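K.L.:
If you're matching them up, the sequences are chains A and B in order. Heads up, the first sequence is in my numbering, so the first residue is 1 and it goes up one at a time. Heads up, the second sequence is in my numbering, so the first residue is 1 and it goes up one at a time.
Hints in this document: simulated from the structure, not taken from any laboratory. It is possible that some hints are incorrect.
As the list claims (entries may be wrong) - Chain B regions said to be covered by chain A (calculated; three or more residues, Cβ under 8 Å):
1) 133 to 140
2) 144 to 154
3) 244 to 257
4) 260 to 266
5) 284 to 293
Stated by the list, open to error - Facing chain B, a subset of chain A residues (Cβ under 8 Å, in silico):
6) V15
7) L26
8) F205
9) S209
10) I220
11) F284
12) A344
13) V356
Keep in mind the model is a prediction, meaning the values are calculated, not measured. Beta carbons: idealized from backbone N, C-alpha and C, even for Gly.
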Amino acid sequence: MATFLIRRLIQMFLVLIASAVVSYVLLYFAPGGPMTGLRQTQQSGRNKISADDIARIKQRFELDLYIPYRFTRWLVGFPAGPVTIAGQTFLADVAAGCKTPGMVRLRYPDGRTEIIEEGCEVPITFADLVDRRTSRGILFGDFGLSQVMLRDRPISTLIASRLPYTLQLMGASILISIAIGVPLGIYSAVRQYSRFDYAMTTVSFVGSSLPTFVIGIICILVFAIGAKEAGFIYLPPGNAVSNKDYVIPYIGEVIASSTLDRVLHFIMPLGVLVFVNIAGYSRFIRSGMLEVLRQDYVRTARAKGLRERTVVLKHALRNAILPFITLLAGVMAELFGGAAITEAIFNWPGLGRLLVDSIERNDYSVTMGLTMVSIFLLLLGYLITDILYSILDPRIRLS
Amino acid sequence: MTTPNHRPAGQWTLIFRRFKTHRVAMWCLYLITTIYVLSMFASVIAPYKRDAISLDNAYTTPFSTAPDGSYHVFGTDHLGRDFFTRLIYAARVSLTTAITVTTVSTLIGIVVGLTAGYFGGIVDTITSRMIEFISTFPTFTLLLIAGSIAIQNSDDIPIPALLSQTIGAIMAVNEREGKQVVMIMVIFIALGWTGVARFVRGMVLSIREQLYVESSRALGASHLHNIITHVLPNAMPPIIVAYTLGLSGALVAESALSFLGFGIQDPTPSWGNMLSFANSYMFNYPWMPLVPTLPILVCSLAINYIGDGLRDALDPRVQTEVTRAKRDALLKAIRDRSAAS
Chain A
1 MATFLIRRLI
11 QMFLVLIASA
21 VVSYVLLYFA
31 PGGPMTGLRQ
41 TQQSGRNKIS
51 ADDIARIKQR
61 FELDLYIPYR
71 FTRWLVGFPA
81 GPVTIAGQTF
91 LADVAAGCKT
101 PGMVRLRYPD
111 GRTEIIEEGC
121 EVPITFADLV
131 DRRTSRGILF
141 GDFGLSQVML
151 RDRPISTLIA
161 SRLPYTLQLM
171 GASILISIAI
181 GVPLGIYSAV
191 RQYSRFDYAM
201 TTVSFVGSSL
211 PTFVIGIICI
221 LVFAIGAKEA
231 GFIYLPPGNA
241 VSNKDYVIPY
251 IGEVIASSTL
261 DRVLHFIMPL
271 GVLVFVNIAG
281 YSRFIRSGML
291 EVLRQDYVRT
301 ARAKGLRERT
311 VVLKHALRNA
321 ILPFITLLAG
331 VMAELFGGAA
341 ITEAIFNWPG
351 LGRLLVDSIE
361 RNDYSVTMGL
371 TMVSIFLLLL
381 GYLITDILYS
391 ILDPRIRLS
Chain B
1 MTTPNHRPAG
11 QWTLIFRRFK
21 THRVAMWCLY
31 LITTIYVLSM
41 FASVIAPYKR
51 DAISLDNAYT
61 TPFSTAPDGS
71 YHVFGTDHLG
81 RDFFTRLIYA
91 ARVSLTTAIT
101 VTTVSTLIGI
111 VVGLTAGYFG
121 GIVDTITSRM
131 IEFISTFPTF
141 TLLLIAGSIA
151 IQNSDDIPIP
161 ALLSQTIGAI
171 MAVNEREGKQ
181 VVMIMVIFIA
191 LGWTGVARFV
201 RGMVLSIREQ
211 LYVESSRALG
221 ASHLHNIITH
231 VLPNAMPPII
241 VAYTLGLSGA
251 LVAESALSFL
261 GFGIQDPTPS
271 WGNMLSFANS
281 YMFNYPWMPL
291 VPTLPILVCS
301 LAINYIGDGL
311 RDALDPRVQT
321 EVTRAKRDAL
331 LKAIRDRSAA
341 S
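Bound-form chain A, shown alone (with noise of 0.2 Å):
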């Protein structure tokens, strides 16, 4: 067991490293970033920027720096500067970055003139570095800063911010969805080919073949718009507080950002959410139990004269549920991640939503510090699973 946790975590840690990297590369080949307004701000006449402005911002975002510096100090927070081994410093001098451009005018044979940048007139070297702020590494949880979204302030206050919403929201439709998914396609396969079967089959086969943000719409469009027309009682259709009070039919007035509010927003994404995953959760469950159901054991606990119960319970879904928990693997990623679609579609102020926002306004340090805690939540996820599948079988020995 120890051998296995060991090599496990540091095969853990590679494929976190590499995922970084990976991510990284795919991520300074975008577009976009904080230079771009500002070309066009330059481009416009008024407010000329000069070559000191540019490089002081390009300073604040590291885009002066070398590639695998700039990695290194998002990952890692090395260089922070010289480094220092008993009062001597060393590789003070080592260029990490390029401050001013070299500038070249090309003449072609036509007469044309081009200047273009080439080589490098003043270095960044690690002494220069002191003197910035540095990251202590995403490895170590400082996220940098964001350059978009919200200029300058630390990410962690963005998604300190967001967390509580998704976690709301995750939290409570991942438990819901196991309390009712899991006992539906127990009695699912229990009763197989009976009416509920037939009628339960249909439903969760239809939840779990339509897209979410089709059926987050037809919700919207039944329960907010089609409902407030009719003049019945009526869900909000998006955020997760409303800013004004308003006057809900049979209800009265609603007080804005009052708890009954709060949940009055918080019941649609809910139930689209809840509704999706007992789908197919409950599918899953059901297959795996009309497999197990068959088998000799279950047969021979009949035989013995156990109650169906026992044999239901004790025997098979103890088999049954095995395959789940590889399902539950991508849970805690999913916690944390939120959902970004449903978020989208509610308008809901969660971690999945800020994910696409930042994608749309190419602020891509939030970009990169999401995707990185959803990657480790994942492995983790994945470890946690060999674990518990090991204690849950004890077929399984972990090797």
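Place chain B on chain A using the hints.
P.N.:
Here is chain B on its own, set in the frame of chain A:
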């Protein structure tokens, strides 16, 4: 002694016969085929030009006449473009994308999975590690990022002109739009093949150990012969089921991506991006999102029903493998779904 006057029905005939008994699946197959074939004749069927903007006609309600006297079955969008026309063209774009993406990633998955599973050893270790590595990425996040990058830098990304022209011709869009769609496809394929590969590998691992494969080897058959005559046909039924489910997955993923604005871009019509526009006008024109929702709803349900029918139709001999494949497919579907909810 009488000789039988017909050959006994082969495996595929049997499967098809059984499939035909699944009424709903059969109807869904007709439906999808009809929609796709009709969309191939879009230029003939469509009553209006695909991008014909007419602001006076904007927001015409379905089944009604626009201010200038033209009739619109499904109404018009915020720019006065005819919804019905765009839906037909979008069917062409969305369905072709889904089919191409699923077909190519399944083919890659089969080749990689077969090689890894059949030969084992170092090839297997490397491919499995690679597959594992790619599957640790949050797929939907990566799709969003890649989509956003591809769209913003579409001029810098090299895509062979021939490819964009061919795809463009199939989808009745110009080369520039074709290129954009090709980029989206490439992203989907790059992230999509791992699932198939892992699943095929698992199946091949168990088929490889069967006695008939072993005896064929003992008789001196080559690996290639073995793979083509024994392994592949036995692995095929579950792959077909996975293919169908993958098809609906790709369709939904593409429309979700386009819905969020990182997929196929307006004016190239796709059901997803039509929905995303309609969605922003839903409070004033509640009928509007229903129009693009309908085909997404119908097609994803229909494809899933076809998959269901195929699953029931598959040979009972491979039933255990099918159940496992079915569960794997379900697991994958739920995972994909939760990533993209």
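K.L.:
All hints, please: hold or fail.
P.N.:
Do the hints match the structure? See the list:
{"no.": "1", "hint": "133 to 140", "result": "holds (count 5)"}
{"no.": "2", "hint": "144 to 154", "result": "holds (count 7)"}
{"no.": "3", "hint": "244 to 257", "result": "holds (count 4)"}
{"no.": "4", "hint": "260 to 266", "result": "holds (count 3)"}
{"no.": "5", "hint": "284 to 293", "result": "holds (count 4)"}
{"no.": "6", "hint": "V15", "result": "holds, 6 Å"}
{"no.": "7", "hint": "L26", "result": "holds, 6 Å"}
{"no.": "8", "hint": "F205", "result": "holds, 7 Å"}
{"no.": "9", "hint": "S209", "result": "holds, 4 Å"}
{"no.": "10", "hint": "I220", "result": "holds, 7 Å"}
{"no.": "11", "hint": "F284", "result": "holds, 6 Å"}
{"no.": "12", "hint": "A344", "result": "holds, 6 Å"}
{"no.": "13", "hint": "V356", "result": "holds, 6 Å"}
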